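Trainee: The chain contents come next:
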Amino acid sequence: MDYKKENLSCDVLIAGGGVGGLTAAIEIKEKNPDLDVLIVEKQTTGYGGKANKGGGVLQYFRPDMSPAEFVKFHVENIGCYLGDQDVMYKYVEMNTEMLEKLISWGCNLPKNPDGSWFVIPTGPMTSMITVDLDITLKMRQRATKLGVRIMDKTTVAEFFVDGDKIAGAAAYSILDGTFYVIKAKYVVVATGSQNYRFASMWSSGRGDGIAAAYRAGAEMRNCEFGNFTQIAKVKSHDEVVFGENNMYNAKGEFITPHFRSYRETDINSNAIREWYWQMLAGTGPVHLEYPEREQESRPAPAEGTDSKEGGAAMARLFDRPYGRQFRMLNTISSQSADQGSMEICPLFIGEQSPIRVDGDMATSIKGMYAIGDCSYTGSAAPGAVPAPPGRNRGSGILNAVFAGIVCGDAIAALKTCGCAPADIPAEKVAAVEEAIYAPLKRTAGHKAKDVIDLVQRAVVPIEQSVYMKEDRMKKAEGIVAEAREASKDLCAEDWHDLLACHEAEAMVTCAEMFYAASEMRKESRGWFLREDYPDIDNKNWLKWIIVQNVDGKMTLHTEDVPIDKYPNKPE
Amino acid sequence: MFPTIFTKHTIEFDPSKCVGCGLCYKACFVDVIRWDEENRKPIFKYVEDCEHCFYCQSQCKKEAIRVVPNYASERLLQSFPQYK
Ligand SMILES: Cc1cc2nc3c(=O)[nH]c(=O)nc-3n(C[C@H](O)[C@H](O)[C@H](O)COP(=O)(O)OP(=O)(O)OC[C@H]3O[C@@H](n4cnc5c(N)ncnc54)[C@H](O)[C@@H]3O)c2cc1C
Ligand code: SF4
Ligand code: SF4
Numbered sequence: 002m003d004y005k006k007e008n009l010s011c012d013v014l015i016a017g018g019g020v021g022g023l024t025a026a027i028e029i030k031e032k033n034p035d036l037d038v039l040i041v042e043k044q045t046t047g048y049g050g051k052a053n054k055g056g057g058v059l060q061y062f063r064p065d066m067s068p069a070e071f072v073k074f075h076v077e078n079i080g081c082y083l084g085d086q087d088v089m090y091k092y093v094e095m096n097t098e099m100l101e102k103l104i105s106w107g108c109n110l111p112k113n114p115d116g117s118w119f120v121i122p123t124g125p126m127t128s129m130i131t132v133d134l135d136i137t138l139k140m141r142q143r144a145t146k147l148g149v150r151i152m153d154k155t156t157v158a159e160f161f162v163d164g165d166k167i168a169g170a171a172a173y174s175i176l177d178g179t180f181y182v183i184k185a186k187y188v189v190v191a192t193g194s195q196n197y198r199f200a201s202m203w204s205s206g207r208g209d210g211i212a213a214a215y216r217a218g219a220e221m222r223n224c225e226f227g228n229f230t231q232i233a234k235v236k237s238h239d240e241v242v243f244g245e246n247n248m249y250n251a252k253g254e255f256i257t258p259h260f261r262s263y264r265e266t267d268i269n270s271n272a273i274r275e276w277y278w279q280m281l282a283g284t285g286p287v288h289l290e291y292p293e294r295e296q297e298s299r300p301a302p303a304e305g306t307d308s309k310e311g312g313a314a315m316a317r318l319f320d321r322p323y324g325r326q327f328r329m330l331n332t333i334s335s336q337s338a339d340q341g342s343m344e345i346c347p348l349f350i351g352e353q354s355p356i357r358v359d360g361d362m363a364t365s366i367k368g369m370y371a372i373g374d375c376s377y378t379g380s381a382a383p384g385a386v387p388a389p390p391g392r393n394r395g396s397g398i399l400n401a402v403f404a405g406i407v408c409g410d411a412i413a414a415l416k417t418c419g420c421a422p423a424d425i426p427a428e429k430v431a432a433v434e435e436a437i438y439a440p441l442k443r444t445a446g447h448k449a450k451d452v453i454d455l456v457q458r459a460v461v462p463i464e465q466s467v468y469m470k471e472d473r474m475k476k477a478e479g480i481v482a483e484a485r486e487a488s489k490d491l492c493a494e495d496w497h498d499l500l501a502c503h504e505a506e507a508m509v510t511c512a513e514m515f516y517a518a519s520e521m522r523k524e525s526r527g528w529f530l531r532e533d534y535p536d537i538d539n540k541n542w543l544k545w546i547i548v549q550n551v552d553g554k555m556t557l558h559t560e561d562v563p564i565d566k567y568p569n570k571p572e
Numbered sequence: 006m007f008p009t010i011f012t013k014h015t016i017e018f019d020p021s022k023c024v025g026c027g028l029c030y031k032a033c034f035v036d037v038i039r040w041d042e043e044n045r046k047p048i049f050k051y052v053e054d055c056e057h058c059f060y061c062q063s064q065c066k067k068e069a070i071r072v073v074p075n076y077a078s079e080r081l082l083q084s085f086p087q088y089k
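Read top to bottom, the protein sequences are chains A and B.
Heads up, the first sequence is in our numbering, so the first residue is 2 and it goes up one at a time.
Heads up, the second sequence is in our numbering, so the first residue is 6 and it goes up one at a time.
Selected chain A positions facing chain B (in silico; Cβ < 7 Å):
no. : residue
1   : Q44
2   : S201
3   : M202
4   : H238
5   : M280
6   : Q326
7   : L330
8   : N331
9   : S334
10  : A338
11  : C346
12  : K450
13  : I453
14  : V461
EDC-like cross-link-like pairs, simulated, lysine to aspartate or glutamate; straight-line CA separation at most 20 Å:
no. : chain 1 : residue 1 : chain 2 : residue 2
15  : B       : K50       : A       : E494
16  : A       : K91       : A       : D565
17  : B       : K89       : A       : E240
These are calculated hints, taken from the structure and not from any lab test.
A quick note: this is a predicted structure, and the numbers were derived from the prediction, not measured.
A virtual CB, placed ideally from N, CA and C, is assigned to each residue, including glycine.
Isolated chain A, as found in the complex (with noise of 0.2 Å):
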């Protein structure tokens, strides 16, 4: 298949036009309006990505409660330890700025009457607000009006560095194919998580830019918490918030007292975990129960917290004009399906997040950055959970726009090195030209279904990935193994399968880290569950495992959290 070639360059490449993208390009425009930003989408800035899927509630943290408050409660609760308090502290702080700026942004944040805001209270110590859904197409309003460019449909294939320091990066366009090589001083991978195309809604997130900035050699941190699992209807596959507050086995007996004895913020992986041993026990399947008079007998608010759930304020939670029509259309066709059935099973979601970043979102390559779903938990920040939710509903939107900011104001300082970028010498994009277009020049072998398939195979039942032992990553790794060999002969049709092949290649990737991190951390903290080694172990645990590609060789070495220098310490 014939294809253009182009080269072009800015200041700064924002690959990824999700929540995240469109926010560091707002910021950086409003700071320092000189610097030429590129956003290079896969699909369409401000249609795309996530933000406009979901629920579109952010999380809300009450003026009068102080950062440290919530921190610790995080850190004690969610985190396990594991996290970076200083940047969560930072996220807590900035909550009511960043709800200031995405109205200045044009995107609407329903208030009361009195201009107070809607607060729904939810979990212990965080209560939540929201944002109607059409948040990004506002944003991208705001950032085209600022002067940022934008090229739909043209996805980000690899990075180039030059020594230590970010080059640019290879694109092609996923309608005609056309090479882009792309020069810039500043790269901010914006490209979301790895959810390994599975759960409908979530499957935009696949990896490439992960996988992309692990070839480039940049570090990943936590990858071994990239499993995050819902509880779903069966029929219908609609997730259930809060679901595991209302299990019911078989035998009509209420399990989730198994698990949890209040109420905790979110879905933990031992619910899971107890659907699972139900299973197995004989004692399935497990549906879910809403018997009002017995109200008394879910899991009580935690002590001294404001858990309530909301009532009336619930009732009005799609009161937003734009997402109102999707999420009824959702909902109908799912009931239709569901034919009132409460019958339950994982849903596995993934949200790997791994590429590490520092409290500025810059990542181990001088000048490259990663904001939003593709570092979650490579920024520490949150600790022993899975990126968005993380335990902390609220968070995936808000933790994009608090990571596009953050690296927005370093980038508009020109804190890390703004010089021009050196010249791309032609035999290395000559090698990634032929890399990235090889599967259409092949005639026959693996489709990239094949390979998602094998994939999938490894990571979705959850005993392989959210209830892991380790005779069982073996079988799964070995799955993988058989998905690696399968993408070295990938043949693609078009464009669009192209872009399947590349993605395929990178889920096979992030398994691939998931595995070799979760073999490693031999303890269980947090969502990460291990059958074998079922305690948590602050001793010897209380590090981060940290991934890298080296000359073509997965690495791992462990780096010891600096507990001494946070406020929080186990006891």
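Dock chain B with the ligands against chain A, hints included.
Mentor: Leaving out everything else, chain B with the ligands in the frame of chain A:
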């Protein structure tokens, strides 16, 4: 050799209602819909990749699109026979 991961959702399209605004094409976040520039109409080119998100349908002000999910064609892939 391998079982398929293609979904079997269908998209019903009524070209007589379509005014060619292009919003459905922009809306699709997984490249199911392409754009026919000449006729100013969407092409539902990769329907086997549809994730039944309903975003295209919700964008169409002319009600020219209806997404019909086939939930049974999606997998759960758990290790118990009823949840394959
Ligand atoms: C069903 C659902 C419900 C949710 N509900 C909520 C909620 O109520 N509240 C909340 O806070 N969060 C919620 N989230 C999470 C939240 O939407 C995400 O955390 C947030 O959108 C992440 O933003 P992002 O920009 O980092 O990534 P994304 O939104 O995933 O955007 C990444 C963008 O990069 C593009 N891209 C990917 N690869 C490439 C590439 N190689 N080259 C170029 N472009 C690329 C993608 O097409 C996409 O547009 C929900 C998510 C889902 C799926
Ligand atoms: S959104 Fe509706 S009217 Fe607009 S192009 Fe698509 S089908 Fe036609
Ligand atoms: S329902 Fe969603 S995935 Fe399917 S074609 Fe429409 S926008 Fe694309």
